[in-house]
Amino acid sequence: MGELRLMKGNEAVAEAAIRAGCDGYFGYPITPQSEVMEYLMAEKPHDRTGMVVLQAESETASINMLYGAAGTGKMVMTSSSSPGISLMQEGISYMAGAELPAVIVNVVRGGPGLGTIQPSQADYFQAVKGGGHGDYKMIVLAPASVQEMCDHTKLGFDLAFKYRTPVMILSDGAIGQMMEKVVLFDPIPRRTDEDLIKQNPWAATGKPKDREHIIITSLDLDPAGQERVNLKLQAKYRKMEENEVLYETLNCEDAEYVFVAFGLSARICQKSMDLARAKGIKIGLFRPITLFPFPVKPMNELGKKVKGMLVVEMNAGQMIEDVKLSVGCSIKIEHFGRFGGIIPTPDEVVKALETQIIGG
Amino acid sequence: MTEEIIIAGFGGQGVLSMGKILAYSGVMQNKEVSWMPSYGPEMRGGTANVTVIISDERISSPILNSFDTAIILNQQSLDKFEKAVKPGGLLIYDPNGITRLPVRKDINIYSIAAADEAARQGLSKIFNMVVLGGFLKLKPLVQPEFIHKGLEKSLPARHHKLIPDNEKAIDIGKELIQAIQVL
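As given, the protein sequences belong to chains A and B, one line each in that order.
Just add 26 to the spot in the first sequence (first one is 1) and you have the working numbering.
Just add 6 to the spot in the second sequence (first one is 1) and you have the working numbering.
I should point out that these hints are in silico values taken from the structure, not numbers from a laboratory.
Predicted model, so just to flag it, every value in this text is computed and none were measured.
Nothing false has been slipped in among the hints.
Label-pair distances were calculated between CB atoms; the ranges are:
1. B:Leu144 x A:Leu351: 51 to 61 Å
2. A:Lys331 x B:Asn71: 27 to 37 Å
3. B:Arg64 x A:Lys331: 19 to 29 Å
4. B:Pro93 x A:Glu83: 48 to 58 Å
5. B:Ile169 x A:Ala261: 57 to 67 Å
Straight-line Cα separation of at most 25 Å, SDA-like style, residue types lysine to any residue; simulated pairs:
6. A:Lys188 x A:Phe320
7. A:Lys70 x B:Ala163
8. A:Lys305 x B:Asn71
9. A:Lys188 x A:Gln173
10. A:Lys308 x B:Thr8
11. B:Lys159 x A:Val209
12. A:Lys323 x A:Asn277
13. B:Lys92 x A:Ile307
14. A:Lys70 x A:Phe211
15. B:Lys86 x A:Phe365
16. A:Lys155 x A:Arg264
17. B:Lys145 x B:Pro170
18. B:Lys180 x B:Gln35
19. A:Lys305 x B:Ser72
20. A:Lys180 x B:Ile65
21. B:Lys86 x A:Ile368
22. B:Lys131 x B:His154
23. A:Lys305 x B:Asp62
24. A:Lys163 x A:Pro138
25. B:Lys155 x A:Asp212
26. B:Lys145 x A:Arg31
27. A:Lys180 x A:Gln225
28. B:Lys89 x A:Asp300
29. B:Lys174 x B:Ala163
The C-beta atom is built at its ideal place from N, Cα and C for all residues, glycine as well.
Only chain A is shown next, with the shape it has when bound in the complex:
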């Protein structure tokens, strides 16, 4: 077993990046994710592995540093919280277009605008539907624990390079700030330059005499060429949908009703499920772990077996659209949410189940 620690979610992301062999982190502080860079600065990963940590002058600078470094095939990461992630959207779209691998962590806080520093899940649409312009997708991972903050960071790098795509970890202020037990995976050495070149022939690593220039770009002024780029991207997204869906179910075998929730909301719903089951309500929990690719098929299968679903999110109803598209309109699907940094309590979720789904 790996090393056992009590850590904040934000610290787990930082430690996992070092251990995953990350080459560089570029970021700009914002609550509630500042511990990511704080931890990295204190830990001096350059001494440990040679990893570079740089505080950029803004989020816009961070994402463009990420673009440049990712273009050389390096394993790179940034993190921020909602307003900072909004500033990064142009760069994320460019990275998707140029097919550059990177991990982007969003420790979501309440919005819109500067909003609040308390936890929220209101950036689901931005992450999953593309906050930037153009027909692009990112793989979006939704950790529900500090352990998953650690594990998803490593998984994020693996998927980013497997598909040459930006990967977003969509967390929230509570998961970032809370401490839980973590089992850390053993450190993986950073790739050598030789391995990097061998594994990433697309990367701009310097031009040898025997091959053409490598150009990293998202621009093709010829529409036929740009359509080819789009077709290639779409084919890649279909592959992700086929191969990378992750989800978890609890107590769904005998369930008449289910909660559908991701991240922190899923943790709250797990408690609500225990409370409701104690009252004799046969309820399960479906937790999407990848928000893109969304677990369409398993949701659809579950929709054929249950009478109703309550989608619980810390927003005004975003993931519920994907749940409805997956399940169809044959059963009752309702949303319950709190907004702007308010976290729903397990009791009020049970009450919502009773009034909106069972009694409604």
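Fit chain B to the known structure of chain A by using the hints.
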């Protein structure tokens, strides 16, 4: 076994660190734990609280609206969290600065004059450990050897020389805590 605890008081009283030491001790004893602080502007000079859950099973919600135990270090927190203790649950408070006493008869209430006693013994900075000792006397969730390991893990190495003082404070708390009868 699952124990759901709220620790609440002023920022600076060591509320968060008491929770962290308890949680880390739980980790060392191979329990599942979560430590969820109130964070934000309210931490600067105002009230601070932390929810600590220690369990043998996977922990569901780290955010709770009722608790097995409330450990209370100021009046505002008593006003806020007395009603959040589950029936039959435990409320521990330090009477220092408390003017409106707890009133519930369906919970077990204990008082621990930790701030005063710690001051008398020159341990004011770790009066939170006296309170923790009182709690552990009533609910021995983690064994002393794991508390020791929890202290080692929670405190930076330069403060490890203070671990014996911390353990002494915990022992003082075990002696100090007393039951209160609500009339």
